[in-house]
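Novice: Whole structure, please, built from the sequences with the hints as guidance.
Protein chains: 4
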Amino acid sequence: MGDVRCAVVGLGRLGSRHAYNLAKNVKGASLVAVADVLPESAEKTARELGVPEWTTDAEAVIQRADIDAVVIVTSTDMHAPLAKKAAEAGKALFIEKPLSLDMEESRAIVEAVEKAGVYCEVGFMRRFDPAYQEAKRRIAAGDIGRPLYFKAVSRDPQAPPESYIPRSGGIFVDMTIHDYDLARFLMEREVTEVTAMGSIVHSKEMEKYDDVDTAVTYLRFEDGAAGDIESTRNSFYGYDIRTEIIGTEGSLIISGVQRHPRVQVWKPGSGTYEIEPGFLERFEMAYLAEMVSFIERVREGGTPAVSVRDALAAQAIAVAADRSYREKRSVSVEAVSVTA
Amino acid sequence: MGDVRCAVVGLGRLGSRHAYNLAKNVKGASLVAVADVLPESAEKTARELGVPEWTTDAEAVIQRADIDAVVIVTSTDMHAPLAKKAAEAGKALFIEKPLSLDMEESRAIVEAVEKAGVYCEVGFMRRFDPAYQEAKRRIAAGDIGRPLYFKAVSRDPQAPPESYIPRSGGIFVDMTIHDYDLARFLMEREVTEVTAMGSIVHSKEMEKYDDVDTAVTYLRFEDGAAGDIESTRNSFYGYDIRTEIIGTEGSLIISGVQRHPRVQVWKPGSGTYEIEPGFLERFEMAYLAEMVSFIERVREGGTPAVSVRDALAAQAIAVAADRSYREKRSVSVEAVSVTA
Amino acid sequence: MGDVRCAVVGLGRLGSRHAYNLAKNVKGASLVAVADVLPESAEKTARELGVPEWTTDAEAVIQRADIDAVVIVTSTDMHAPLAKKAAEAGKALFIEKPLSLDMEESRAIVEAVEKAGVYCEVGFMRRFDPAYQEAKRRIAAGDIGRPLYFKAVSRDPQAPPESYIPRSGGIFVDMTIHDYDLARFLMEREVTEVTAMGSIVHSKEMEKYDDVDTAVTYLRFEDGAAGDIESTRNSFYGYDIRTEIIGTEGSLIISGVQRHPRVQVWKPGSGTYEIEPGFLERFEMAYLAEMVSFIERVREGGTPAVSVRDALAAQAIAVAADRSYREKRSVSVEAVSVTA
Amino acid sequence: MGDVRCAVVGLGRLGSRHAYNLAKNVKGASLVAVADVLPESAEKTARELGVPEWTTDAEAVIQRADIDAVVIVTSTDMHAPLAKKAAEAGKALFIEKPLSLDMEESRAIVEAVEKAGVYCEVGFMRRFDPAYQEAKRRIAAGDIGRPLYFKAVSRDPQAPPESYIPRSGGIFVDMTIHDYDLARFLMEREVTEVTAMGSIVHSKEMEKYDDVDTAVTYLRFEDGAAGDIESTRNSFYGYDIRTEIIGTEGSLIISGVQRHPRVQVWKPGSGTYEIEPGFLERFEMAYLAEMVSFIERVREGGTPAVSVRDALAAQAIAVAADRSYREKRSVSVEAVSVTA
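Chains as they are written, first to last, in our numbering: chain A, 1 to 340; chain B, 1 to 340; chain C, 1 to 340; chain D, 1 to 340.
What the hints contain is simulated information worked out from the structure, not anything from laboratory work.
Every value quoted in this text rests on a predicted model; they were computed, and no experiment measured them.
Just so you know, not all the hints are guaranteed correct.
Identical copies carry no separate label here, and so any pair may be met within one copy or between two of them.
[Unchecked claim] In silico SDA-like cross-links for lysine to any residue, where the CA-CA straight-line distance does not exceed 25 Å:
| # | residue 1 | residue 2 |
| --- | --- | --- |
| 1 | LYS136 | ALA305 |
| 2 | LYS208 | SER168 |
| 3 | LYS84 | THR192 |
| 4 | LYS204 | GLU188 |
| 5 | LYS204 | ARG184 |
| 6 | LYS208 | THR248 |
| 7 | LYS27 | ASP3 |
| 8 | LYS208 | GLU193 |
| 9 | LYS328 | TYR20 |
| 10 | LYS24 | ALA305 |
| 11 | LYS44 | SER307 |
| 12 | LYS84 | THR303 |
| 13 | LYS27 | TRP54 |
| 14 | LYS204 | SER255 |
| 15 | LYS97 | ALA286 |
| 16 | LYS136 | ASN234 |
| 17 | LYS208 | ALA89 |
| 18 | LYS204 | GLU193 |
| 19 | LYS85 | GLU134 |
| 20 | LYS85 | SER30 |
| 21 | LYS204 | ASP223 |
| 22 | LYS27 | ASP210 |
| 23 | LYS44 | GLU300 |
| 24 | LYS115 | GLU105 |
| 25 | LYS97 | ALA108 |
| 26 | LYS208 | GLY224 |
Specialist: As structure tokens, then:
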């Protein structure tokens, strides 16, 4: 089979990264078109990566007959309309997380994808990180016995710009959703109930959007296992992602504070480790592996590594957490899945 | 001034440790009597440590004119009656945590101590650990800016024997109380509200005592700072105590998984680090420093490193957490302090 | 420009890795032929990687008009004859280290390459490792001030099979040569004198080949800087590669004992870190980056990342070390470069 | 038995530390006199530590009938005359390393001590460090199989003042001697031959004293095991002491770069670990344990933890290394032991 002919729609920081990987690093992929609402972004990306065509018309690109796969990295509100069009046009699809900010809309995407029978993967890139892959293998190999407790910490180096807050969906849907996905991925069971708490410890401007800059979600799983997740927007020392599983025979931790753990610089009054500046650096290999896997599965006809159903399940937990925080009570995930 | 003449009352694992340190390691202290309800324990300790007298009559020992200081390490229900007698007899006092299982009783101890004007310290030994001391210094030096978030993990290698559970006071009062004390010690401000959740993930026998083997307490501090504490009874891989503070200019972590961090053994299929088997090993230096400090302050007339008021404050948080867990709602600490 | 059409000659462990990377991972490369003296190796590789042609006739493949680049990973004694033929045929070349076991022969390769004016790179893959790349950047950025001392440890998990020893060139030429190359790469100056010592601490069979299983090389650099390198064949705990530079303002260490440094498993009596089993695992990314760089430079006409002159310089140090060990005296590298 | 009545002679940085520990920390010891050539030092120490008497007359103090033990921490040239007098007076002795700068003189100390039959210990404090103690235990327990290779790095944060260099005995006798002692302590066999190399990489002033600021000693042990030791005077990033043993079933490393390994501060652009500023900090616990052990053995009549024979053996290795460096050849340790 020839190369998978791809288009990337949406060229922000992450869209540009996907475009770069498809153009330069992923063997078996050809990046044939890029689109962005800003013509200068589209033109610049096309020029730098040697992409034959660029446009501001995302819908047009999606429907081109010579495109096999569409990678959607637009603002979240555009995910559903574009995904539905692409599915109807029979394209293989990659959609960034979250599917949407609204359960109803996300369910519509799932429906469109399943009706069209197209390949569709959602961008929970942490699953592709070598450390998370290794963790998955070791749990499967029984290295820690039966998993009993899931613990995660996700810390961004700074709060997003104020303009982003009202359209982020709130800390649980925008940020903690990665950890909800990991909880399902690593514990291999469903979350049944969540209790969420939050505070503004620094970013006072969040108050007017009824959002918080630090939150804890307590998780209950279907078989009695439990867990907790801390989400912090203002981690002034750097980007820090950690995940830990306690099992009946051991414990496993994935710790993200070190960027180049094999290089240490010792200086008087200075540091041993580089601290990760942000997600693009911490998950550099994950983003590449994600695209490699996407192209490989599209070429060889496999099932998605992260399906729309997975994305929907993570979103249901996030919506339940958001409701729990607001209503100051524990909330059943199933109730949200069915009715929200 | 001559040596401080001490008696240790209660010779379980921890009482024996205090007796050993006073007899062998603490310059300026003389251990002149030990007492335990089991005569064989008292006799054995006296013999091994060269202590001149042993008895099963704790009250008698407390009132001896030639004793300057009494270290009370009995079961928790005996703390209040013995402490009151010792205070009335004008003795310097060291009492293990918690003061009691009941706020009323603890307040009575505080009153007795303050009325008698005796020196009285409570055994929150973590404060004396070199790492916690260093953390305190670095926070005071402004190394992490203004503290915004307190995070703690406390994991025991196994649940206590079933017989202990009903008289433990529950996970919050028995175990998490150390972390409530550290929260006050390191954040240097009061906790105003707690929300607590818990689950039984392994020790099914706890169900009949309405206790849990894993819990999370969410903390709100008086100035808007927040925090969370995980307490786990069944940490099958070892004893693991970690504390972390996120500040406006950095973050600080005290991590407890390494016992001899300077010795690493690399072997095929085996491990780099020793894991702490339990609190006596992890806090070996803390227990010694605690007794050294106690004797020094008694000799030199200082104020207690950890006062009965500190102990009462930690207990109020624990009681509020316990109530929060049971009533499934956030609970104000002040309400408990006043009325519980 | 279209893909670079490559042939890999020699399909041992490392040749197979290069073939795999060129076929599957390196965008811009086409692997069109593989050759090995064992027909079953050649056939198997061709089949598994979808390579159109395989052969046992290395010379024939080298001279094919439709091949742009040849990757030589044969036994060391075949490097010179094949490299000369390929250079005369105008092919871009990649040769595994060492160029040869004989300075005269290596000089002949250099001459052939320079006369033909072809691109030729030598396989010192450590330079491509992300950690070594980062180290290079940080030294260049002045992070450790002026480098004063170079220190390296290279430990193989076990001695090679006895049959390999007599044709290895000895520990200095076969193994330590990687560190001599790193010394030049990271210190950015030439080694002028070496003093080498060695012992057999375990592999008694080496005695009959006048080789050793552990050695230390002391280095003097042209400007007074110094260094030492330990080479150990029997590192029973795993593959362990470390490099360290002490500078006037700090120190930098690249440490190789951790394979998946972000995943730690804590278990009673077991280990925290995975130990690297061998060079293919430790330098997995380096081998890939090396091929990516090779293809990119061939396509875009750059100069080799590691030239034949670099390889010759490292070999001269190795030969001087070998002579120093045998003659129990310090040996000038320049003398070897000129006369050996 | 009552307290051991001690005198400390010599109150530089290390003498003051020993005096402090004996006065304040070591139960069972009474510090009854201190002496120093500088009256203000002696007076100040006596005042601060509450020592009843101070003097500038070391000999007088040594001979006082009411003194049980003398701790000699003077300049090295005074060790022999004072040690001999103290031995003749029947005192228990603690002497700082090295015994002397001259093998003949050291042998005279050994003779005096053995003739008088007094307890005499030499100050190789590293043996008392908790990490080295743990290493010793683990090797004895067979954790790494049979030890094959000894590796050490000792780095001082800066070269000594120029005035000290000519009376230091040179880098091997002054500094590396600690590692020679550790080699014997941990490998539990004798060093038979050394080859030493050195360079001045920074402290040009050493040239006039024929000394170097960085050196490597290659060790051969009696049973074929080997080892190497790096000694560096200018470790600009901090004090760094590491020791490593490779065995047939594993490897063990004692690493000294972390002062408070349980406290990590993460800040943007800053460091994770504290670096040890110097030996008093790194070996704080070792110095205390050393004095505790000394007093305990004197009280209970045990044999010295580090005997004068041990000190003599380490010195012989150092003298052989110094000779090897000067004569550019390997030197037998036995030859030095017998004739130097």
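Novice: Indicate, hint by hint, whether the structure satisfies it.
Specialist: Do the hints match the structure? See the list:
| no. | hint | verdict |
| --- | --- | --- |
| 1 | LYS136 with ALA305 | within (13 Å within a copy, 37 Å between copies) |
| 2 | LYS208 with SER168 | within (14 Å within a copy, 44 Å between copies) |
| 3 | LYS84 with THR192 | neither (30 Å within a copy, 49 Å between copies) |
| 4 | LYS204 with GLU188 | between (37 Å within a copy, 22 Å between copies) |
| 5 | LYS204 with ARG184 | between (33 Å within a copy, 24 Å between copies) |
| 6 | LYS208 with THR248 | between (44 Å within a copy, 22 Å between copies) |
| 7 | LYS27 with ASP3 | both (8 Å within a copy, 11 Å between copies) |
| 8 | LYS208 with GLU193 | between (28 Å within a copy, 23 Å between copies) |
| 9 | LYS328 with TYR20 | neither (44 Å within a copy, 50 Å between copies) |
| 10 | LYS24 with ALA305 | both (22 Å within a copy, 20 Å between copies) |
| 11 | LYS44 with SER307 | neither (32 Å within a copy, 35 Å between copies) |
| 12 | LYS84 with THR303 | within (19 Å within a copy, 49 Å between copies) |
| 13 | LYS27 with TRP54 | both (21 Å within a copy, 22 Å between copies) |
| 14 | LYS204 with SER255 | neither (29 Å within a copy, 31 Å between copies) |
| 15 | LYS97 with ALA286 | within (15 Å within a copy, 32 Å between copies) |
| 16 | LYS136 with ASN234 | between (29 Å within a copy, 22 Å between copies) |
| 17 | LYS208 with ALA89 | neither (42 Å within a copy, 59 Å between copies) |
| 18 | LYS204 with GLU193 | between (29 Å within a copy, 20 Å between copies) |
| 19 | LYS85 with GLU134 | neither (37 Å within a copy, 44 Å between copies) |
| 20 | LYS85 with SER30 | within (21 Å within a copy, 36 Å between copies) |
| 21 | LYS204 with ASP223 | between (39 Å within a copy, 13 Å between copies) |
| 22 | LYS27 with ASP210 | neither (45 Å within a copy, 48 Å between copies) |
| 23 | LYS44 with GLU300 | between (32 Å within a copy, 21 Å between copies) |
| 24 | LYS115 with GLU105 | within (15 Å within a copy, 67 Å between copies) |
| 25 | LYS97 with ALA108 | within (15 Å within a copy, 57 Å between copies) |
| 26 | LYS208 with GLY224 | between (37 Å within a copy, 16 Å between copies) |
Of the hints listed earlier, those the structure fails to meet are numbers 3, 9, 11, 14, 17, 19 and 22, in rising order.
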